[in-house]
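Participant: Taking the working numbering, I'd label the letters of the sequence shown as residues 863 to 1018.
Mixed in with the good hints there might be a few duds.
Quick list of the computed label-pair ranges, beta carbon to beta carbon [what the hints assert, rightly or not]:
no.: 1; residue 1: R950; residue 2: Q994; range: 20 to 28 Å
no.: 2; residue 1: M998; residue 2: M915; range: 15 to 23 Å
no.: 3; residue 1: S875; residue 2: D986; range: 26 to 34 Å
For the record, the hints were derived by calculation from the structure and aren't laboratory data. The beta carbon of each residue, even a glycine, is placed where N, CA and C say it ideally should be.
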Amino acid sequence: MPSSPTVTATQFSPIQQIVHNSEMLALILSHRFAEPGIHFFTPNELSQQLAYMKYDAGKTIPAHVHNPVHRDVFHTQEVLFIKKGKLRVDFYSQEQEYLESRVLEGGDVILLVTGGHGFEVLEDLEMVEVKQGPYMGDQDKTRFSGISSSQATITG
863 MPSSPTVTAT QFSPIQQIVH NSEMLALILS HRFAEPGIHF FTPNELSQQL AYMKYDAGKT
923 IPAHVHNPVH RDVFHTQEVL FIKKGKLRVD FYSQEQEYLE SRVLEGGDVI LLVTGGHGFE
983 VLEDLEMVEV KQGPYMGDQD KTRFSGISSS QATITG
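Please model the entire structure based on the sequences and the hints provided.
Facilitator: Structure representation (structure tokens):
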């Protein structure tokens, strides 16, 4: 039986945090989000930052460089941009316990912060993945048996 993660935004909100045991597993930014300006959705201490920007033509963003700053990264975090299609995302605790599933569609973005995850492509899919490097080969991840389609509990 899946544990009940806490969703800190409403199930149908364009921004959803999936939280388990007070720890953010993921942040989903729906294609429906369209607020003007810049909006950061992640806490400053998170090693991967996610923001949305919407500006009118003519807006200038000042030129800048990013300074070299030493950062310790202990968990690989991934961002998936769904270009088209549908993808079911299954969420697991760090202990590999199934929690729940969500369905993403074209234009959605998900930041996978911690815990485990698995996927099933529901419609022909195009997506882009961004994650921290360097890739550490076999040290980078632990594979485990996930749920079947019939076991998925889709929320949101």
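Participant: Look at each hint and say if it fits the structure.
Facilitator: For each hint, the structure was consulted:
For R950 and Q994, the Cβ-Cβ distance of about 24 Å falls inside the hinted range of 20 to 28 Å, so the restraint holds. Hint check: M998 to M915, Cβ distance near 31 Å, so the stated range 15 to 23 Å is violated. At about 27 Å, the CB distance of S875 to D986 agrees with the hint of 26 to 34 Å.
Figure legend: structure checked against the earlier numbered hints; the only hint not met is number 2.
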